[in-house]
Every structure is written in C-alpha cells, then in structure tokens.
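Trainee: Just need the whole structure built from these sequences, with the hints factored in.
Each residue of the sequence shown is one higher than the one before, counting from 49 in the numbering used here.
By construction, these hints were calculated from the structure, which means they are not laboratory data. Some clues are possibly wrong.
What follows is a list of derived Cβ distance ranges for each label pair [as the list claims (entries may be wrong)]:
1. K172 to R356: 40 to 48 Å
2. S229 to Q312: 32 to 40 Å
3. A331 to Q263: 33 to 41 Å
4. R358 to V463: 27 to 35 Å
5. A148 to V198: 12 to 20 Å
6. Q59 to R321: 54 to 62 Å
7. K90 to D276: 39 to 47 Å
Using N, Cα and C, we set each Cβ at its ideal position, and we do this for glycine too.
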Amino acid sequence: MDKDYLIRLIQEYNPQIQGTAAPVPGTRRDLYAEIEPWMKKKQAIALVGLRRIGKTTLMRQLMAGHPGTCVFFSFDEEEVQKKEVLIFVIDYAIVTLHAASLFLDEIQYVDDWEGILKRYYDQKAIKIVVSGSESLEISRAKAALAGRLVTFHLTPLSFREYLRLRNIDVRDGPYALDDFSSMQVLYRKSITQKELFEHEFAGYLYKGAFPELVQEEDPVVIRKYIHDLVVRKIIYRDIPAIFDIRRPDLLFELFRYACGTSSQLFDIQNLARHFGVHAETVANYLWYLRSAFLIRISEPYSKSPALRARRNRKLVVAHPAMACAVLGYTGEHLIGQVLGQYVETLFTGRYFWRDRQKHEVDRVIETPAGLVPVEIKYQTRISAADIRNLLIFMEEYAAGTGILITKDLFDEKTVDGRKILYIPAWLILLADDGRLQGPEPE
Numbered sequence: 049m050d051k052d053y054l055i056r057l058i059q060e061y062n063p064q065i066q067g068t069a070a071p072v073p074g075t076r077r078d079l080y081a082e083i084e085p086w087m088k089k090k091q092a093i094a095l096v097g098l099r100r101i102g103k104t105t106l107m108r109q110l111m112a113g114h115p116g117t118c119v120f121f122s123f124d125e126e127e128v129q130k131k132e133v134l135i136f137v138i139d140y141a142i143v144t145l146h147a148a149s150l151f152l153d154e155i156q157y158v159d160d161w162e163g164i165l166k167r168y169y170d171q172k173a174i175k176i177v178v179s180g181s182e183s184l185e186i187s188r189a190k191a192a193l194a195g196r197l198v199t200f201h202l203t204p205l206s207f208r209e210y211l212r213l214r215n216i217d218v219r220d221g222p223y224a225l226d227d228f229s230s231m232q233v234l235y236r237k238s239i240t241q242k243e244l245f246e247h248e249f250a251g252y253l254y255k256g257a258f259p260e261l262v263q264e265e266d267p268v269v270i271r272k273y274i275h276d277l278v279v280r281k282i283i284y285r286d287i288p289a290i291f292d293i294r295r296p297d298l299l300f301e302l303f304r305y306a307c308g309t310s311s312q313l314f315d316i317q318n319l320a321r322h323f324g325v326h327a328e329t330v331a332n333y334l335w336y337l338r339s340a341f342l343i344r345i346s347e348p349y350s351k352s353p354a355l356r357a358r359r360n361r362k363l364v365v366a367h368p369a370m371a372c373a374v375l376g377y378t379g380e381h382l383i384g385q386v387l388g389q390y391v392e393t394l395f396t397g398r399y400f401w402r403d404r405q406k407h408e409v410d411r412v413i414e415t416p417a418g419l420v421p422v423e424i425k426y427q428t429r430i431s432a433a434d435i436r437n438l439l440i441f442m443e444e445y446a447a448g449t450g451i452l453i454t455k456d457l458f459d460e461k462t463v464d465g466r467k468i469l470y471i472p473a474w475l476i477l478l479a480d481d482g483r484l485q486g487p488e489p490e
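Mentor: Right, here's the structure in full:
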C-alpha cells in the first residue's frame, strides 16, 4: 500500500499531531476509571466489546488524559487490514512521531497482530492499547502476549450511564441490592423522580445499549441503526472476516431465534432439527455469535460442574435493544409478556436454577456470604405463588435472602424464616451494585 496514503490516514486520525485538538466527548463510561491506572504501567491494554458501544471514544478519552504523544489508527476498513500496514503504522509512530503511546482500533482483522505487537512490546518503550469486537481473537492473543496484556470488557451502556448521557442526575452509589436498609436509602432519595425513572427505563430497554442512540427518539432511525450498523455488519462482515462462515444467512436466523426466545431454555439437537443442519454447525455458529458479543449463555446452577454440563442452558440476547431492532419492536410493543421477557433478558446472568420438578429461579448470584437467588416478576400484582420458587431454592441452598425484581413494589417480607426483598427494576439498576446487570466474569 502507498506509504504517502498511509501517512495521510495517520494524520487524519491524529489532528493533534498538527496542533489541532481532536474533539473528545466529556462523559466517560464507568470502565474508564478501571483502565486509567493501567495507563501508567508497562502492560498492553486490550479493550473488547460489542460494535458501536463506545470503544473508540473510550480510547480517545484515554489519549486525552495521557501525557506524551499518542497515535491512533483504526483497522476497521478492509484496505488497511494487512500486516505490512500495522508494521508501517507502528514504525512511523515510534520513529517519526516519537509516540509514547499507540492506540490500535479493531486490531483483530490483522493477521498475526499479536505476534507483531509482542516484538515491539519486548523491544520498544511504548504503551500499546488495542481494541476489538471479537473476544475469541483477543483470547487467543493472551497466549502470545502472556503476562503482557490486560483485557477489559466494555459492555452495553448501563442504566446509570444511559441516564447520565441523557443529562439526568443519578444518585451516588453503590448500594447493596441484598441489603434492604441500603436500598431504602436509595429509594427515599429517588422516590420523587419515580415516574421519570420508570419512563427512562422503558426507553433504555429498546435503545439504551448504544451511546449514539441515547438522544434519538425516531423509532425508524433506532431500528435501522441497530439492525444495519450493528447486527448485520457483525454477522455479514465482522464474523466472516475471522471465521470460515459458509451460511451467514443461518447465522442471522440463529440470532433472530435468540432474539425471539431470549432467556428461554435451548437444546442444540432441537435447534439443529429446526434449522435442518448438523448439531456441530449450530454449536459453532452459536459460539461465533457469543464471541462477537451478540448473545450470552446462562448455565444451570449446580454444585457439580458435570451436572451443569449435562443440563439445558439458556440463550440470551446481549441487550433487549438488539432484539427489539431485529424483531421490529418499538417502545409501544414493549407491553405484557414481551416486556417481561426483555426485562428478564436484562438481568439474566451466568447462572439460573432449575430442578427436576421444573422449579426455576431466573438468576443465582454467588457472593462471599452465600448464594442470592433472583426472580423477575415485572408486573403490578405480586402473589404468594410468585415467590414460591425463591423459597424452594433458599431452603435447598440455605440462602438467607432472596430478591424479587418487580415493576413498582418496594418492600421487605419474611416468609417461613426467609427474607424476601421486593425491588423495582429501575431501582435495582440505580443501585449501581454491579452484580445484577450483565453476566458475571467467567
């Protein structure tokens, strides 16, 4: 590739080189505070996550807060996804620009990028930050860069981040979701804005994953953005660029299936029969969707890893906003059972629980103090039957506290000697506890 052209690209990506400050959004994702201390250390940093959720912006913010010359380059376009381009960019940044830090966006498209970075890491005094939308490729790099790479996962916007981007004040935190007195403090502070938070929560469900959509109100624009610029681009371009995908149409249909059945049990053999393909193909394609951060897999909780492996798991779309876009739902469609399903999707984590009698709890959280079962009942009326499975789980695992996520009920009750906390979904997300939104680390 023409070197003059690459130099122009480097200059376009880095106006600060010529004395023009690049615009940097002021609102930071929560992950910024976790990454920033590592900017002072030798280790390379890898930032991974779903497409369009703010990885590039976060890199720009890290550049702005880091002393010395920083150079940014993106490998998102096919024409620059070559080893020789990566080598030229690094050499030009070090030799010509005397860069102290190098920020390489969407690095996973370049063959042997980890081997190239390893050589520069070992030989040059330069800070390296990379980003990628493909977790498997970054995971493979950990072997080549053992001891040299620290990985951070940027998730879709949390509810609190969504509110901040909408210029809505959110209270201090965190508050412990399994401590009712702590949640009472937050509830008293927030009750005067209850209707506002409920309204914003509804908007968050169908557009809140993506920073660029936070202020967007047009449902047609919201759907097209997520459907075309996120989902289709990942399935028809990003994944095939890395894996040998013969049926991207099947990949899309599998994801569409996940959107419609999110948080429900699935079986590989049944899916294979449904789509008329081999079970191995379904398993591989689900892995590709998972590695691209489009879906999550929730496992049945058991003390025995062998039992967990034998039981059916749940297929979970990464955020309800993607399901709404793919299935054509707007905020007006999020009512009744559909609304309940996607609230459950939002809170589904690494583990759920289901016994042989089909008693089920939506989520199980492991804490130092023991297990905390969580059930989602996003409805106005709550009956004794709605907490039955919580009590069964708590009896079996000697859990002292269970949580029922509700639409608007906030209460604490002791039933059969077990403490049940009734907490509205919007309040749980305001608590900033960190244990309920998104999957726990594996």
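Trainee: None of the hints should be skipped; say for each whether it holds.
Mentor: Hint check:
1. K172 to R356: 40 to 48 Å: The hinted range 40 to 48 Å holds for K172 and R356, with Cβ atoms some 45 Å apart.
2. S229 to Q312: 32 to 40 Å: holds, 35 Å
3. A331 to Q263: 33 to 41 Å: holds, 40 Å
4. R358 to V463: 27 to 35 Å: holds, 32 Å
5. A148 to V198: 12 to 20 Å: holds, 18 Å
6. Q59 to R321: 54 to 62 Å: holds, 55 Å
7. K90 to D276: 39 to 47 Å: holds, 40 Å
Every hint, counting from the list given before, is met by this structure.
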